[in-house]
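Using the hints, put the two chains back together into the complex; each one sits in its own frame.
Chain residues, written in single-letter form:
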Amino acid sequence: SQQGEEDPQALSIQEGENATMNCSYKTSINNLQWYRQNSGRGLVHLILIRSNEREKHSGRLRVTLDTSKKSSSLLITASRAADTASYFCATVTGYSTLTFGKGTMLLVSP
Amino acid sequence: NAGVTQTPKFQVLKTGQSMTLQCAQDMNHNSMYWYRQDPGMGLRLIYYSASEGTTDKGEVPNGYNVSRLNKREFSLRLESAAPSQTSVYFCASSESGGRSNQPQHFGDGTRLSIL
Numbered sequence: 001s002q003q004g005e006e007d008p009q010a011l012s013i014q015e016g017e018n019a020t021m022n023c024s025y026k027t028s029i030n031n032l033q034w035y036r037q038n039s040g041r042g043l044v045h046l047i048l049i050r051s052n053e054r055e056k057h058s059g060r061l062r063v064t065l066d067t068s069k070k071s072s073s074l075l076i077t078a079s080r081a082a083d084t085a086s087y088f089c090a091t092v093t094g095y096s097t098l099t100f101g102k103g104t105m106l107l108v109s110p
Numbered sequence: 001n002a003g004v005t006q007t008p009k010f011q012v013l014k015t016g017q018s019m020t021l022q023c024a025q026d027m028n029h030n031s032m033y034w035y036r037q038d039p040g041m042g043l044r045l046i047y048y049s050a051s052e053g054t055t056d057k058g059e060v061p062n063g064y065n066v067s068r069l070n071k072r073e074f075s076l077r078l079e080s081a082a083p084s085q086t087s088v089y090f091c092a093s094s095e096s097g098g099r100s101n102q103p104q105h106f107g108d109g110t111r112l113s114i115l
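So the sequences go chain by chain: A and B. In this text, residue positions in the first sequence follow the numbering used here: the first is 1, and each later residue adds one. In this text, residue positions in the second sequence follow the numbering used here: the first is 1, and each later residue adds one.
Hints are computed from structural coordinates only; laboratory data are not their basis. Remember, it's a predicted structure, so these values are computed and weren't measured experimentally. Accuracy of the hints is not assured; some may be wrong.
What the hints assert, rightly or not - Quick partial rundown of chain B residues pointing at chain A, CB under 10 Å, derived from the structure:
hint, residue
1, Tyr-48
2, Gly-58
3, Cys-91
4, Gln-104
By construction, the Cβ of each residue, glycine as well, lies at the ideal position given by its N, Cα and C atoms.
Just chain B, with the same shape it has in the complex (with noise of 0.2 Å):
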């Protein structure tokens, strides 16, 4: 059971090059999540997608483009990387969005240096 599934695992970028970091998740979820993890930042919300074809903005979304693939991707597109964008990238995914009290689980990051 992988759960949610993130690659690559570490990339490194120059200044003005593109990338999309692919997020898979086996669990069925309806919602998924994209995160930027910074030395003493805690983690901020990028984009957030309710449930497949719906995409919304989070806390720090300027700078990136996300595709709800289906209801098991969601991609995270950079579309000229910046130093900083450098940073450890999260996806989530949760049974349910809205009011319910549903946890959200992780995959393992995507480590990203930009140049």
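Okay, chain A solo, but in the shape it has when bound (with noise of 0.2 Å):
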């Protein structure tokens, strides 16, 4: 069963604008991943944040975490068409199997 839980599903934006996804996930982790996936292709790591952490920064991407509310934010700033593609966030409890979420859907247009 999936643990972590994306919103939106799915989220338009133009160029330039920032683009906020969640995740919210059931049971206690050790670390919580997103990954991006570009359409017919494998997933790429973005940022790992342990549960010791709150927040974590990779070039245009901030990723924090809240364990209190078992919730975790993506935000790409100044988004680009590149960064057109499906991002998934994946928890990490007991050994260092990910589970995943559905995903959203985020489309950056011109």
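The following block contains the structure:
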């Protein structure tokens, strides 16, 4: 069963705008990871945040984690057309197997 | 640097046929994984191998078998394919399993249709 649930399911924005995706999960985690999937390709790891961290940055990506609310958010600033993809959160509980959410489809229009 | 390579990329089978999906990684990773991705379902773990010589069931193992041939290769076998196994299959690898915080590296998938 899915551990994480992304929200929204789909997001459409213009280039230059910020995109925010949310992930909620059900049980305690060791860490939470975000992945990107371009159409017809495999998943690419974006960022990992540990359960004792609250915020992490990588380039135009900002991830927050609120363990009390069992939620995380991914912010992509100044979006580009090349950011068009599906974004998945994945949680690690116990042994480091990943449990993925259903993803958010992001469309960035020029 | 190929990363994770999956073969074949596409396959059509008839119900009851068998086939093996191949996966190889060149990153000297210890752990390898097989997932399936269905529309609206995200990725679900079928089997994983924490290290060479070990395999364990994931969330949806029924109808599948795996072999960790060596450190580089991890294959997934469908013994008697069923239409419900129509899906996109992804192989992934990571440096190590256990409680370490390691990202996974994915291949580009095998698109399998079973008629």
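Open item on the list: Quick check on the hint: B/Gly-58 CB to chain A CB, less than 10 Å?
Closed with: 7 Å, holds
Task: B/Cys-91 as chain A interface residue, shortest Cβ-Cβ below 10 Å - done: 9 Å, holds
Task: Per-residue hint verdict: B/Tyr-48, partner chain A, C-beta under 10 Å - done: The hint holds - B/Tyr-48 has a Cβ within 10 Å of chain A, the shortest such distance being about 6 Å.
Task: Hint validity - B/Gln-104 Cβ closer than 10 Å to any chain A Cβ - done: 6 Å, holds
In summary, this structure violates none of the numbered hints.
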